[in-house]
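Colleague: In case you want the letters, here they are:
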Amino acid sequence: MKLKLMYNFLQSDLDIIEQELEDTIASEHPLLQQASMHLLKAGGKRIRPVFVLLAGKFGNYDIDVMKRVAVCLELIHMASLVHDDVIDDAELRRGKKTIKAKWDNRVAMYTGDYIFARSLELLTMIEKPDAHQILSKSLVEVCVGEIDQIQDKFNWDQNLRTYLRRIKRKTALLIAVSCQIGAVASDATEDIHKQLYKFGYYIGMSYQIIDDILDFIGTEEEIGKPAGSDLMQGNITLPVLYAMRDEQLKQKIKTISEENRKEILSLVIESGGIEYSKEISDRYLEKALDVLNELPDGRARKALKGIAKYIGKRKF
Amino acid sequence: MNNSYNDIEQIKTTIETQLKHPYLMKFIEQPVIDNDKLMLLHEVLDDTKSSVAMKRDYMVSTMLVQVALDTHEQVLTSSLHNNDEAMKSRQLTVLAGVYYSTLYYHLLAKIGDVPMIRNLAKGIREINEHKISVYQKDSGGIENLINSIREIESSLIQKTADFLKVPHIKKLAAEMCLYKRLKSERELFIKQRFSILFDAIKKEVVNGESSIARNIDEQRKHLLNICDYYIEQTQLQIEKQLEQFGFSEVLRTRINEMLFHYQYVKEKVVEEG
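In the order they appear, the protein sequences are chains E and S. Start counting the first sequence at 1; every next residue gets the next number (my numbering). Start counting the second sequence at 1; every next residue gets the next number (my numbering).
The set of hints was computed from the structure by calculation and includes no laboratory data. Incorrect hints may appear among the rest.
[As the list claims (entries may be wrong)] Result set (SDA-like, lysine to any residue): computed pairs, CA atoms no more than 25 Å apart in a straight line:
(1) S/K88 x E/G44
(2) E/K128 x S/S51
(3) S/K122 x S/D46
All chains, please: the whole structure from these sequences, using the hints.
Modeller: Next comes the structure, spelled out in structure tokens:
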């Protein structure tokens, strides 16, 4: 089943959000407008807006309020992508030239800062201090996580705890917060928004672990980069951590280079690291589904369940 | 007067503490906190009946935004020097700017001040619109270009002044910040023969008059004359504001020192030919 079919009852609201995204990044300056639209039109799953809207269904859903939260979170994500492309010196994003490649680093920095500012401006239209506290705290943590990730590159002495903390900050937090703020904005009860935070967190963890698995077993066509790119860049992910339990293998992995990349990928796969990672990912998925069982029944819960299961099976 | 100095120093220490991140500090330059902007913000807040805590939070959050924007200005345009060290420095410079922005947001969110978050976010948005216009050299005339520089440098202070309903300081803040920037661009142009502002002025002049087809030395002199004209105009505006309004002694002293220093340097340059 296609992901979009699981929440097709949101389609008209998602169309509103798409329009709102365009309106929000509209700038008087043609280049800022062009650069922002370039990224927006490159597509994306818009998974954060979907989570915001579905979470909003557990409270008093008002699209005029929800769209602001949904657009804000998508724009924060977009701004981080623009900045990340400067960090990684990336040429392509979603199959299209990155802003820094199409123009330059300076234009990318101005565009990223502009989009970030617009996202905050939009969210402040909602006078809910709780939402800002939750979001701002998470954004600080996400950023600290990115700094830590750079610090930890090629650090071969990491453990499961540091890995889980890293992927929480890298991926899970913003998904968790999308769910939680969606609920806060719709005045859902505190109990519900906390449950939704947990759901988003578990799903985000599962999603990132699968991403890390796909880096080993996905084809370049599927994942948009050569297999093993993370390890080549010094990012120690769960399959590698598992493989490195074997000291001999660890020493071999530490020698990773373009020449022996394929051989090392095979060694990590043969170590059982993929199965182990899949098991951990599944455990997070189960926790996410457990949390859902405690939420009121309805279309939104069903859709969240569908998304969770889809994430567990995704191939790219 | 001493009290004001102490206040400003204390706030500066608070900001420095916020900016401290052990790993960032290893790889990027220590962020510079602009004392003059801090002093102007202090002047804005001193004119309000805000609590001590609020004054501190507003000054700290506004300066965090300023530092964040200044940090992102340090990201190099090209990726030519892609050795490990240069790459790490670029990566962490990007992240440092984002980190300081999130700190401003977090600080104001913690005290539940949503309107001030919006106010500063609006400032960031406008500043980036002006920055890209200067960078693209498409301001549409020197006056617009100078105005963009004025906004880039003072928008956050002006926004805070508007927000706190202290409008009389806006003009002084705008001109003082512009004056400083024009002076620093002038120095840069003389020392390094390149400045982003002079480059943009050159483009505007070339568009505006055909007589610019002069030799390089004449062209340089012409550009410096244009810059000097705006520095002098700005100085006049600052003096006018000082006559018109009763600003604090601390600020007056600093402005006089700034204007005197420029006059001294200019005369020295003339004397030495």
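Colleague: Quick one: which hint numbers does this structure break? Sort them smallest to largest.
Modeller: Of the numbered hints given earlier, the structure breaks just one, which is hint 1.
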